[in-house]
Amino acid sequence: MNEEMAWVIQAQQGSDEAFTHLVETYQTPVFNLCYRMLGEPDLAEDAAQETFLRAFQHLHRYDQKRPFATWLLSIAAHYCIDRLRRRKFSMFSMDAEDDEGNTFELPDPDSPDPEAESVKGQTRGRIQGMLKDLDNTDRAAIIMRYWYDYSEAEIAESLRLTVSAVKSRLHRARKELAGLWQEEETRAETERRPYESPAF
Amino acid sequence: MNHQPFEDWLLNDKNLTSTEKRELDLHLRTCVHCTALSATGLALRSANVIAPAAGFTVRFQERLAIQKVAERRRKLWGMMVLLIGGAGLLGWFAAPYIYTFISSPVEWFTAAIGYFLFIITSLQALTQVVSVLARILPDFIPPYMWMVFISALAGFGLLWTISIWRFSRRTPQGVSA
Chain A
0 MNEEMAWVIQ
10 AQQGSDEAFT
20 HLVETYQTPV
30 FNLCYRMLGE
40 PDLAEDAAQE
50 TFLRAFQHLH
60 RYDQKRPFAT
70 WLLSIAAHYC
80 IDRLRRRKFS
90 MFSMDAEDDE
100 GNTFELPDPD
110 SPDPEAESVK
120 GQTRGRIQGM
130 LKDLDNTDRA
140 AIIMRYWYDY
150 SEAEIAESLR
160 LTVSAVKSRL
170 HRARKELAGL
180 WQEEETRAET
190 ERRPYESPAF
Chain B
0 MNHQPFEDWL
10 LNDKNLTSTE
20 KRELDLHLRT
30 CVHCTALSAT
40 GLALRSANVI
50 APAAGFTVRF
60 QERLAIQKVA
70 ERRRKLWGMM
80 VLLIGGAGLL
90 GWFAAPYIYT
100 FISSPVEWFT
110 AAIGYFLFII
120 TSLQALTQVV
130 SVLARILPDF
140 IPPYMWMVFI
150 SALAGFGLLW
160 TISIWRFSRR
170 TPQGVSA
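One line per chain: the protein sequences are A and B, in this order. Start counting the first sequence at 0; every next residue gets the next number (numbering that gives the first Met the number 0). Start counting the second sequence at 0; every next residue gets the next number (numbering that gives the first Met the number 0).
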């Protein structure tokens with residue numbers, strides 16, 4: 000039996016300390032999934048905390064035959080999907096507001112990027128920006144596939160879908176992302192052109 | 000433009016041979032659609048993992064403590080509502096009997112003795128009926144019928160024991176035996 004499973008068993012028997020070890024181990028993957036799903040650090044923090052609370056409350060239902068990480072990320076993904084469904088029309092708008100009505104500071108797309116910002120960093124930001132346009136379940140599938148290297152079977156198990164449904168969702172999402180990428184490229188090119196010197 | 004098989008390779012993140020890679024590179028020079036697919040694939044694979052702000056575990060422990068207090072309070076309230084409700088319901092049903100008992104204890108005592116005597120006489124009558132049947136029935140029922148009856152009883156007994164044994168051995172989901 001590995002150390003993680005020992006913690007899980009101790010936590011199932013009521014040890015808060017063992018569960019704290021699990022929180023320490025999985026805080027980053029859970030937070031990252033929530034952040035990629037919700038797009039805001041504050042919302043991601045709240046969702047990640049809620050995920051661990053739910054896991055703690057339903058730990059007796061965890062099947063030890065499944066990997067603990069898969070079970071935990073499945074809770075996080077479902078929580079985020081539910082939350083996005085509830086906030087469907089207010090989320091990610093330019094005047095986005097949280098539950099208390101405070102506005103978020105969204106980055107200004109027209110502001111000049113500092114030179115120090117690497118191209119890689121821009122690409123990552125672009126991907127995060129495009130993820131929000133995907134369907135909630137498609138987004139969860141993409142995150143599990145590319146951030147956690149989950150197989151199609153593991154994604155299917157986590158999101159309660161069939162393997163073929165996962166495959167088609169991944170394909171659809173990838174094509175959608177490519178479409179958005181192409182649109183942005185075209186727009187950037189159009190914006191660049193008026194300032195370009197004919198000499199170049 | 001025909002995107003096959005390049006689109007499938009890119010969508011399935013296929014491990015390419017050197018020849019396939021050369022073919023894909025050639026296709027990407029002329030196809031904007033597949034270039035975008037390839038670029039998003041690369042971007043997704045190079046995306047970093049975001050960590051929460053320091054002190055996540057401490058914040059979780061605080062939240063868990065608040066949740067536990069709220070849960071305890073909820074359980075206490077639930078228990079109180081249940082107890083008060085149960086006591087009220089019991090009082091509602093028992094009130095007429097209590098009233099009768101308090102108003103005329105002799106009448107209640109006579110009724111209880113009458114009920115007790117009725118049970119005793121009924122049991123005596125039943126015993127007599129059973130003893131008469133036990134004397135008459137063996138002459139009417141053939142021995143093989145007795146055998147069938149006793150075998151059926153034994154079968155039911157065995158079935159009952161097995162089902163009890165199986166139910167008592169079943170473990171809850173996720174808890175190893």
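Since the hints were derived computationally from the structure, they do not count as laboratory data. Careful, some of the hints might be misleading.
List of simulated lysine to aspartate or glutamate pairs, DMTMM-like, C-alpha gap at most 25 angstroms [what the hints assert, rightly or not]:
hint: 1; chain 1: B; residue 1: LYS67; chain 2: A; residue 2: ASP81
hint: 2; chain 1: A; residue 1: LYS166; chain 2: B; residue 2: GLU61
hint: 3; chain 1: B; residue 1: LYS13; chain 2: A; residue 2: GLU156
hint: 4; chain 1: B; residue 1: LYS67; chain 2: A; residue 2: GLU49
Here chain A is said to cover these stretches of chain B; the calculated rule only asks that three of the stretch's residues, wherever they fall, bring their Cβ under 8 angstroms from a Cβ of chain A [to be verified]:
hint: 5; stretch: 26-36
hint: 6; stretch: 46-56
hint: 7; stretch: 141-154
Partner residues are not named here, just some residues of chain B that face chain A (Cβ under 10 angstroms, in silico) [as the list claims (entries may be wrong)]:
hint: 8; residue: LEU9
hint: 9; residue: LEU15
hint: 10; residue: THR18
hint: 11; residue: GLU19
hint: 12; residue: ALA42
hint: 13; residue: LEU82
hint: 14; residue: GLY84
Each residue gets a CB set at the ideal place from its N, CA and C atoms; glycine is no exception.
Regarding the hint that THR18 (chain B) lies at the interface with chain A, is the smallest CB-CB distance below 10 angstroms? violated, 24 angstroms
Taking 10 angstroms as the limit, does the beta-carbon of GLU19 (chain B) come near enough to a beta-carbon in chain A? Result: violated, 19 angstroms to nearest chain A Cβ.
If you count the residues of the stretch 26-36 of chain B with a beta-carbon closer than 8 angstroms to a beta-carbon of chain A, do you get 3 or more? It holds: at least three residues are needed, and the stretch 26-36 of chain B offers 4 whose Cβ sits within less than 8 angstroms of chain A.
Is it true that the CA of LYS166 (chain A) sits at most 25 angstroms from the CA of GLU61 (chain B)? Not OK: LYS166 (chain A) and GLU61 (chain B) at ~40 angstroms, beyond 25 angstroms, violated.
Pair hint LYS67 (chain B) and ASP81 (chain A), alpha-carbon separation not exceeding 25 angstroms: holds, 24 angstroms
Is the coverage entry for the stretch 141-154 of chain B by chain A consistent with the three-residue Cβ rule at 8 angstroms? violated (count 0)
Hint status (Cβ of LEU82 (chain B) to nearest Cβ of chain A, threshold 10 angstroms): violated, 25 angstroms
The hint names GLY84 (chain B) as touching chain A; please verify it with the least Cβ-Cβ distance against 10 angstroms. Where the cut-off is 10 angstroms and the nearest Cβ of chain A is about 26 angstroms from GLY84 (chain B), the hint is violated.
Does the closest beta carbon of chain A sit nearer than 10 angstroms to the beta carbon of LEU9 (chain B)? With Cβ-Cβ at 8 angstroms, under 10 angstroms, it holds.
Pair hint outcome, LYS67 (chain B) versus GLU49 (chain A) [Cα-Cα no greater than 25 angstroms]: holds, 14 angstroms
Is the interface hint satisfied for ALA42 (chain B)? The criterion is a beta-carbon contact with chain A at less than 10 angstroms. Hint holds; ALA42 (chain B) Cβ to chain A Cβ min 5 angstroms, cut 10 angstroms.
Between the stretch 46-56 of chain B and chain A, see if three or more residues pass the 8 angstroms beta-carbon test, and mark the coverage as holds or violated. holds (count 9)
Consistency with the previously given hints fails for numbers 2, 7, 9, 10, 11, 13, 14, ordered from lowest to highest.
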